[in-house]
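Peer 1: Single-letter residue listing:
Protein chains: 2
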Amino acid sequence: MAMRTHYCGLVTEALMGQTVTLCGWVNRRRDHGGVIFIDVRDREGYVQVVCDPDRAATFAVAENLRNEFCVQVTGLVRARPEGTTNDQLKSGKIEVLCHELKVLNPSVTPPFLLDDDNLSETTRLTHRVLDLRRPAMQRNMMLRYKVTMETRKFLDANGFIDIETPMLGKSTPEGARDYLVPSRVHDGSFFALPQSPQLFKQLLMVAGYDRYYQIVKCFRDEDLRADRQPEFTQIDIETSFLAEEEIREMFEGMIRNVFRNAAGIDLPVFPTMTYGDAMFKYGSDKPDLRVKLEFTELTELMKRVEFKVFSNAATMKGGRVVALRVPGGGAEGGLSRGEIDAYQEFVKIYGAKGLAYIKVNDAAAGREGLQSPIVKNLDDAALAEIIARTGARNGDILFFGADKEKVVNDAIGALRVKIGHSTFGKKAGLFDDRWAPLWVVDFPMFEFDEEGQRWSAVHHPFTAPKDGHEDLMDTAPEKCIAKAYDMVLNGIEMGGGSVRIHREEVQSKVFRALKISAEDAQLKFGFLLDALQYGAPPHGGIAIGLDRLVMLMTGAESIRDVIAFPKTQRAQDLLTQAPSPVDEKQLRELHIRLRNVQQQPA
Amino acid sequence: MAMRTHYCGLVTEALMGQTVTLCGWVNRRRDHGGVIFIDVRDREGYVQVVCDPDRAATFAVAENLRNEFCVQVTGLVRARPEGTTNDQLKSGKIEVLCHELKVLNPSVTPPFLLDDDNLSETTRLTHRVLDLRRPAMQRNMMLRYKVTMETRKFLDANGFIDIETPMLGKSTPEGARDYLVPSRVHDGSFFALPQSPQLFKQLLMVAGYDRYYQIVKCFRDEDLRADRQPEFTQIDIETSFLAEEEIREMFEGMIRNVFRNAAGIDLPVFPTMTYGDAMFKYGSDKPDLRVKLEFTELTELMKRVEFKVFSNAATMKGGRVVALRVPGGGAEGGLSRGEIDAYQEFVKIYGAKGLAYIKVNDAAAGREGLQSPIVKNLDDAALAEIIARTGARNGDILFFGADKEKVVNDAIGALRVKIGHSTFGKKAGLFDDRWAPLWVVDFPMFEFDEEGQRWSAVHHPFTAPKDGHEDLMDTAPEKCIAKAYDMVLNGIEMGGGSVRIHREEVQSKVFRALKISAEDAQLKFGFLLDALQYGAPPHGGIAIGLDRLVMLMTGAESIRDVIAFPKTQRAQDLLTQAPSPVDEKQLRELHIRLRNVQQQPA
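So the sequences go chain by chain: A and B.
Using our numbering, you'd call the opening residue of the first sequence number 1 and step up by one each time.
Using our numbering, you'd call the opening residue of the second sequence number 1 and step up by one each time.
Everything labelled a hint here was simulated from the structure, so no lab data went into it.
Watch out, some of these pointers could steer you wrong.
Remember, identical chains collapse to one label, so a pair may be satisfied in a single copy or spanning two.
Lysine-lysine pairs mimicking BS3-like chemistry, simulated, CA-CA at most 30 Å apart [said to hold, decoys possible]:
id: 1; residue 1: 153; residue 2: 90
id: 2; residue 1: 217; residue 2: 153
id: 3; residue 1: 281; residue 2: 509
id: 4; residue 1: 146; residue 2: 93
id: 5; residue 1: 466; residue 2: 102
id: 6; residue 1: 286; residue 2: 153
id: 7; residue 1: 153; residue 2: 585
id: 8; residue 1: 348; residue 2: 292
id: 9; residue 1: 281; residue 2: 308
id: 10; residue 1: 509; residue 2: 102
id: 11; residue 1: 303; residue 2: 427
Just chain A, same shape as in the assembly:
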């Protein structure tokens, strides 16, 4: 005898007149006209069960049911009385007349109602098991599963094979902080949990596996932001013998396929934009193209103005001046004084000292038509040129950024997104509510690290330079462009990848450019340099952040809503109370001791 015949949520009129046995949880019990109605829930949805008083034993069981009791119901599927159907439910046309009812396991009263949408994150994570019963969380987990399965199907069909790489690896203190694992067998030595299987996947290409993938946990011991977790999941892919464009085409196809099959979303074809263009127009290497605002470049123009705030920024090394035109922002019903003040505070987060602006009351009226504290500092010609270049019209507002390039890009780039997403922005048609994917390409190989006074890799040190750019690494690193690409969706970086270096001498050149000594390179990456000497094939790949991808798809606000058992922002599991102190014996076996002996409670 099977414990159940159907899922509750899938009992439909197709089963009319049949006897079914269902298992699930009491979602709600109502007494109505001497009859008891129970909504029984499982992962597929709800079904309405009706208990009549003329079946006394069953009715007695029903009377004692409480929310979240786990029950088994056998009964007859029949049509709901006219006027009581529910179009929101798959089972909304039927109900189950209860013949047998069994409590499989009772429940104490839950600490909160499952449909309470105002729970604190601490409550939700502490009672994660109940939180995971909520239909919204179940939908997220199901969608996450669909995404991975569709990814696997696509990759399988394209000849990629899943190969596992080690979790217990070697610590290479480049980049982010490693999670370390002390070795018991090797006194004083440590494993590191992988930040990514980057080198192993390259080794698999050298070993001839041709097309590799893995949906794999990666680890970074960094301070957490809203969309970061200490352990996160990466769709990690690598292929041999494909050129940069072919690689992008393949993975764009994959993502479009996954969105369609897992979520019924048809993504448009991904446009391609160079890193240079993206920074020039949006001040960001992951522009949100749904926001219909662009920078106007004013650096050259501002070199000759009297206004020091602009001319200093325009003439300093690495300075930049831009305007951001906001159509309708200066008009009646546009941005309020309060909003403009708030923006002036907002840009300071990004290091800007202030936020100049001009309201365009009458574009044709010259100086008289412009309302702004800074107008008096600018000559007529400059003002006219600003209006002309920005294409400003009556009722617009122009914001200005003038500082080091990075500050301008970060501050005005963020302002652009903020305005676009604001209530005003949406009302004024500055936000296009669509799916806006994008490839950003032609990243620089290197960026100058002011703190360390040396060049560092923008992508990672295994990224290949564009053909013909190899020698620029020695002569002009700032001009050296990489075969790197980022996949961006709605202003969020979903993934990134590159064609890798497959020749040992090029790899050594990059290490030199990064001021990694030959000895150091050998110590840390000797196995890679070694492998590259044995006929390594041209290869490249991508890594896509699964958590973020699913978060985007579901529209979840936190990455923790798409992970079954996430950590808090203090890297704790509130459910199991990990991390926790361990026995002294365990530490002794691992040849370590605590640095700060813990205080005993008084």
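Here the structure of chain A is known, so what remains is to put chain B in place on it, guided by the hints.
Peer 2: Structure of chain B alone, referenced to chain A:
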């Protein structure tokens, strides 16, 4: 222009007359009659490429090729000359007449030939990238991938969803030793890497996910045996609302499906055997049913004999006496004196003090027909009974085990397998070369731990007792049978599982039986006990060792042959040299220090 049009190994006569572009590695180059033949290899196989001297530029490139150069070849597919075809290869009927040949990356001379089958494991693991190029390793990795993909397809079709559980978990120092991960944020606290997602999968059942699976890394910091790795991969599954038999049926179906689809192997239906029967007949809870030998139980019979070795074992508490009849083992061409001597040493590994035997020269002749040092110690009636019960015939040999039950089972159980697998055993028809799967069921809940002088869980403490056995936990733990089952194939445990406890009071009862105090239970498993109170559903599952499963399928001798980047038996990665010392700064951030300050080299 695509870098290649086909895989080398898949160029067949279907492409005759077409121009193809191939990428791969030089497997062999031969000069023959002024023409150069190159076997180019990729993951799909080899193809023969012919370079004619009349294409001088191409020929010059070909002349300089060495093994493992990575090359790109464009050429015409044509039939091989008659008499030179190779039926072993998919591409064996054709060759590619080379029009263009490009070295994509040269190779230094590899440290060994790829077809050398006598490499030490140290050499193979140190040069793992080249070792992984060997076709045998590539076949293993491909098969491993197929197994996982077929597993996923089966589970997907049956409504199971893949949900990720944490890698950074809580240390619960039960069972095996944990790998620990120091927390940077929480001074003095540690995460543990999971030994299995057991509790998380149970929590997912409580949370209503109904059917869960994961192919997941698990970790045990134990001393390694030939078939163990510090990190290993588990096919981890759990389902709600299925009874024990339904669960077994489901997963038997899965394994049969995977063997068929991934390896073309049709496994027979799995017979079911109780733990009691398996121990009684084979002295093992994972009997290799290919070996056609069984124990004969003699304990009762031997209680009354004069021979102290037997009667002491038979009368002691927990003692056992058995015979193992080996047909033909005592005959001409049977077991040699040397083999019998070796077996007497062999059983000592398992704690046996010796190995008595009787050669049956003439079963009908009574004492006179039996050849053995022990015959003089046994009376006629006992001897006759031994012959009768074992069914011994002329030419057989009987081995005897007499000791504590565990010693007898281990020693004679191992001897049974050893004889079955021996050259003699195979010649004598004692070994049936087939796939022999088996369910072993009805395990005891508890076994008495002599060292700790307490009961411990045979499976794990979350396993449900048989219905009606709940109270035996208090009154007679040794009689309490569990809803646990092991999946055995060819004498190897592929996986095990159980129906879990879903009621809090039963779980608490088990903790009490295991002498885990209520406080301790709350501290370690409070989140589980808590979850069980909220209407936890009946549930159960299984965990299957993927590495061992693939090892069995491929016939590999070592688990390291089915893992891309395994650790040595000293838990080291010889390729990347992990584990390794780390910076003092890293340790400081983790609030730990080394217990033994390392010696500086003089």
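Peer 1: Work down the list of hints and note, for each, if the structure agrees.
Peer 2: Okay, the hints, checked on the actual structure:
1. 153 x 90: This pair counts as both: shortest intra-copy Cα distance 28 Å, inter-copy 26 Å.
2. 217 x 153: Both, since 20 Å and 21 Å are each at most 30 Å.
3. 281 x 509: Neither. Shortest intra-copy (33 Å) and inter-copy (68 Å) distances fail the 30 Å Cα cut-off.
4. 146 x 93: Only inside one copy: residue 146 and residue 93 sit 28 Å apart there, 43 Å across copies, limit 30 Å.
5. 466 x 102: Answer is between: at 20 Å across copies they meet the 30 Å cutoff, but 69 Å inside does not.
6. 286 x 153: Cα proximity of residue 286 and residue 153: one copy only (28 Å, versus 36 Å across).
7. 153 x 585: neither (46 Å within a copy, 44 Å between copies)
8. 348 x 292: For residue 348 and residue 292, the Cα distance is within 30 Å only inside one copy (23 Å; across copies 81 Å).
9. 281 x 308: Within one copy, since 24 Å is at most 30 Å while 96 Å is not.
10. 509 x 102: Between copies only: 24 Å across chains, 72 Å inside a chain, cut-off 30 Å.
11. 303 x 427: This pair counts as neither: shortest intra-copy Cα distance 36 Å, inter-copy 96 Å.
When held up to the earlier numbered hints, the structure conflicts with 3, 7, 11 and fits the remainder.
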